[in-house]
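Student: One line per chain: the protein sequences are G and X, in this order.
Per the working numbering, the very first residue in the first sequence carries number 50; after that it's consecutive.
Per the working numbering, the very first residue in the second sequence carries number 50; after that it's consecutive.
Check each hint, because a few of them may be wrong.
Residues from chain G shown here face chain X by an in silico Cβ test under 7 Å; the list is partial [said to hold, decoys possible]:
no.	residue
1	182
2	183
3	218
4	293
5	326
6	327
7	342
8	399
Read the hints as simulated data drawn from the structure, not as lab findings.
Glycine is no exception: its CB is placed at the ideal position from the N, C-alpha and C atoms.
There are 2 protein chains.
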Amino acid sequence: MVELNFSAGDRVRLRLADGEQDGIVIESPDSSLILLKLDSGYNVGVRKENILASRVLKRYAPVANSDVVKQKEGLPSVGLIITGGTIASKASQATGGVQPITDVNEFLRFYPELMDIVNVKRIEVPFKMFSENMDSSHWIELARQVKIMLDDDSIKGVIISHGTDTLHYTSAALSFFLKNLSKPVVLTYSQRSIDRASSDAHLNLQCAARMALSDCGEVMLVGHANENDDFCYALRGSKVKKLHSSRRDAFKPVNCIPIAKVWSNKVEFLDKYRKAGNGKTELDIEFSDKVALVKYYPGQSVDILDYYALKYKGIVIEGTGLGHVNKDWQSAIRKHVKSGFVICMASQTTFGRVDEYVYSTARELEGAGVIFLEDMLSETAFVKLGFILGHYGWKKNVKEKMLENFAGELNNRLIK
Amino acid sequence: MVELNFSAGDRVRLRLADGEQDGIVIESPDSSLILLKLDSGYNVGVRKENILASRVLKRYAPVANSDVVKQKEGLPSVGLIITGGTIASKASQATGGVQPITDVNEFLRFYPELMDIVNVKRIEVPFKMFSENMDSSHWIELARQVKIMLDDDSIKGVIISHGTDTLHYTSAALSFFLKNLSKPVVLTYSQRSIDRASSDAHLNLQCAARMALSDCGEVMLVGHANENDDFCYALRGSKVKKLHSSRRDAFKPVNCIPIAKVWSNKVEFLDKYRKAGNGKTELDIEFSDKVALVKYYPGQSVDILDYYALKYKGIVIEGTGLGHVNKDWQSAIRKHVKSGFVICMASQTTFGRVDEYVYSTARELEGAGVIFLEDMLSETAFVKLGFILGHYGWKKNVKEKMLENFAGELNNRLIK
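Working from the sequences, and respecting the hints, build out all of it.
Tutor: Okay, structure coming up:
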């Protein structure tokens, strides 16, 4: 076996029987295996005995901490909220995994292009975490911070950097929590850490800044429109979903088109949008955590309904097709709805709308009191249900409120 | 208000203040509202007082029951299994909804084009239901019927007509239950009932028949490739998902390309495929129903794990992104895995693969004993887990079996 003169963090080229392989070495849990992170983002394992030769292309060198980032004068001001995620992380030499950046200046130093577009007047870091660890308490804290920034007259818009895993849940929550937006609220992210050549963070952040200077009064998510580094889309916060685990254009608009095409220096609107208002943005963060999201699967026992009805106020079922579950569920649904438990129906197909009029299955569910949520995304519906049930005053008209279009989450069915 | 001289089932044209609207009248639960089914498949409600004039374009006329369908001689033979769903349904005059066709001859009469391609030698109707009502007992019964047909030397392949709601769960189940396929097994469907002008049933069934005569020894799903009536795709049964609630091209290949492009008169293969073998197809229907599929959502209480671990053998978690859940779940996961409960991880992003090496979240879950399922679809993973845990002999190597590629459900990670 050849001697391997490299360690975790180094960029190397391995010669193998069938060709060469470049990548960054990451720490391997199996000592007989070299793990390489490829430029594509995937990891490859190579058995040590199969390596014919190796060469270090670039030794690992941690970024040095230098001075505080200087801002340019005369640029419009934005607020920046950093919450963690890949966009605020860098690779760890030890594991090859990514770890949060702990210093705000380091964050800005990674993104010098941002300072060509905006003056980052306020920076808040309410928490730092990968988004899979967030819950409604984080959505509420975030909405509070956004509200404070929006009330600052010198700030034109707010940018939020956020992990991708649950970004679409957060964007839905902010869409409901912040009403009559006076300025743009733009969430952005990256799928590849910023010390990697293929990082998508730079373009995303520049386009987010550009969008934050627009006249759009909506909660948006800005990120790569495709796998190239060409331009981004601004997507409505209530109608977006992460549809790929690693691609740069992981976020897709669902049942709608993007609000705008965004470059670092311009915005081209594609859809109708809500213009930012002149008044103050209203904050409404009443929320109940006693809601759940349940994806139906064939043969699923209806016991799961009893389980949730016991301790929760309501659930969103991700039914099949147009909004169906096994007919054996009907009597339990009827019983729980009668006792005040709220049951909503969205579809596990992601795209399209539920329809309670096509098949007897759905007609009977609707008759039993299930609220069919039109073309609302199940994730958005889950967040909205917590928002609606968090308002005691809406207790008597939950169905009406669930079907009221608060933030573009519904493309309403045509009633002439 | 004008007098309305039409009833449910009639095709009418309504004159409204802002133009005309054509559609088929369906029974309305609200007497002040006329419900129209549009050609697009959507329903529209029109308030009676807003109708300025109406005209009946075509009165409703039920299809008359005529003679037994005659088959052409000299064509290759296939077996046909009818299980219900929209493809074996027609609109009900009463409700505008669709109801199952109860007579096999009526089914064939709706699809005369099929008899130009194949001789339907055997027809079985093991059950008739909308697929949301199916469970593993139906998958097993279906696999048994397919096996009997495949063992008939005069039959070239088997076509199964099936509801769309859970078709991809059934196709996954048949992919595992039927090993070393000696002939093609082709599932097909329709999204629009066959008495509607826009029905997709005809092309789907013809292309299914064409595919059933091919040399592909896999379980496939054949249906519209796009919204036109041009051609179909044959999709691998273990890597397909219903991604739209109503479009004709609702089924999409996930993390792979279609096996073939199919017309009524030819097949063009696009991907590598397993050639049908010469031996007998093996039937393996050992299955455990003590498995569940759980979609993680932000803030979800880990109690749901305790709930399932109490009565079930294993679950598939639809985690976020690369396969994550809140870090608060880790200790419970560790505990339950130790006690023999199987926990697998797939992604709720649909596209892409889970990866236990990128973030600490997943590395720790993997360390706690979670089985990361590469790029396997969560629905397929749920079915596969029931299949693996149904085999007592595999009890000691569940992880190895879950990561073994049985039926193309995995695009294996490269290990050189």
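Student: Hint by hint, which ones does the structure fall short of?
Tutor: Hints 5, 6 contradicted; others consistent.
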